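Knowing the structure of chain R, use the given hints to seat chain V on it.
For the protein sequence lines, the chains are R and V, in the order given.
Read in this note's numbering, the first sequence has 343 at position 66, and its numbers run on one by one without any break.
Read in this note's numbering, the second sequence has 337 at position 60, and its numbers run on one by one without any break.
FYI, nobody ran anything at the bench for these hints, they're computed from the structure.
Please note that a few of the clues may not be correct.
Given that identical chains are not distinguished, each listed pair holds provided it fits within a single copy or across any two copies.
[Said to hold, decoys possible] Result set (SDA-like, lysine to any residue): computed pairs, CA atoms no more than 20 Å apart in a straight line:
no. : residue 1 : residue 2
1   : 354       : 321
2   : 335       : 420
3   : 426       : 353
4   : 335       : 476
5   : 365       : 463
These numbers come from a predicted model, not from an experiment.
There are 2 protein chains.
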Amino acid sequence: MIIDLNRKMMESNDTVAADNRQKFRQHQVKVINLLGSPGAGKTSFLEATLAALTRNYKVGVIEGDLATALDAERIAKLGVPVVQINTKGGCHLDGAMIREVLSQFDLASLELLVIENVGNLVCPSTFDLGEDHKVVVLSVAEGGDKPVKYPRTFLEASAVIINKIDLLPFTDVDLEALKNDLLSINPNLELFPVSCREKQGLTPWYEWLQAQLKLPGEEPGSHGL
Amino acid sequence: MIIDLNRKMMESNDTVAADNRQKFRQHQVKVINLLGSPGAGKTSFLEATLAALTRNYKVGVIEGDLATALDAERIAKLGVPVVQINTKGGCHLDGAMIREVLSQFDLASLELLVIENVGNLVCPSTFDLGEDHKVVVLSVAEGGDKPVKYPRTFLEASAVIINKIDLLPFTDVDLEALKNDLLSINPNLELFPVSCREKQGLTPWYEWLQAQLKLPGEEPGSHGL
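Chain R on its own, in the form it takes in the complex:
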């Protein structure tokens, strides 16, 4: 019975997520669902991305957190429209939570919406929000065995940001082995080793994201970054 109910919940979520996706497409807004463990560096990565992107693109942000508005306050400082969802202890965002806050954005004016999910490498990956891409932020300080131990999140993703590479010399992580493990789980992953703290390695990510934002028929890079 519990399993049946879970299946019904997931079906219902898929329906809401499909509605969200239709709305995003109607307004030509690309949507990124940003996932990762607590402390992987999702907000710092988002800050770096927004600093580069908002010169040429109109971006909105939804911040998912259990209890605080700390991350939303950090994003608001960048002058980006941001809405906070507090899950009141809940371990993931779902399609209905996103639907509920969409009216707070002028979707027609946005080109990109980034949803920073609750810090959790397990639950959020099973709830479609209507996004175009799941992007996982993984810190090398978490150790090299995370992809094989938490495969589903990486299976569902389009890209993995391998963050905090400035800490690599102080860890036992072999970056090439980590990349191979990620690609053995999901050969289609785009991998971006970066240090948000040291502002290293971010350009290839900006270029990938820019390519996703290209409208049909538009030349790549016509917006610039």
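Leaving out everything else, chain V in the frame of chain R:
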């Protein structure tokens, strides 16, 4: 309806956890439920603890993971009886999973059972397993804002292992501020800043754990470590 079902699930878990707890007390086994984010260093911390403890205490381990037996294999190398629970993607251990594997231990011969939960700072804290203490492993590489962002796990805990302090110089974390934040959430927390990699700061933790293992009427330290 969903909320009612969740409540029933939690009530049922509490009943099973109470049965587990009764069984542990009957056999005078102390039980630690070890929590933390993916990559906080739970298994490394457990390895260090077992290396020190198993000279004088009989310890068993239950390893909770989504998909692999990697951690159980690390623990088995130390000659400690270990049982792996694979949650098949599930985000936490529950009382019934623990009950199911208890027959694989000779509980009467054990003094301590350590349950390493799934790497997740959200869900596991809401499922009682029958443990005496929840102990959270928190890596400083996760950043200093984790206690206020994920308060429930810290509210439920008896002790927090502030791990990877060898990385402190390469982070923005203020250790004293982090300790204050933890104590403002839960003034009863025991805090142990350690580096499992550098084998720093572990003695106060061993001493605290040893005090928990003392039998009624036994002098503290009579076992030694």
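- Query: Which numbered hints does this structure break?
  - Reply: Violated hints: 2 and 4; rest satisfied.
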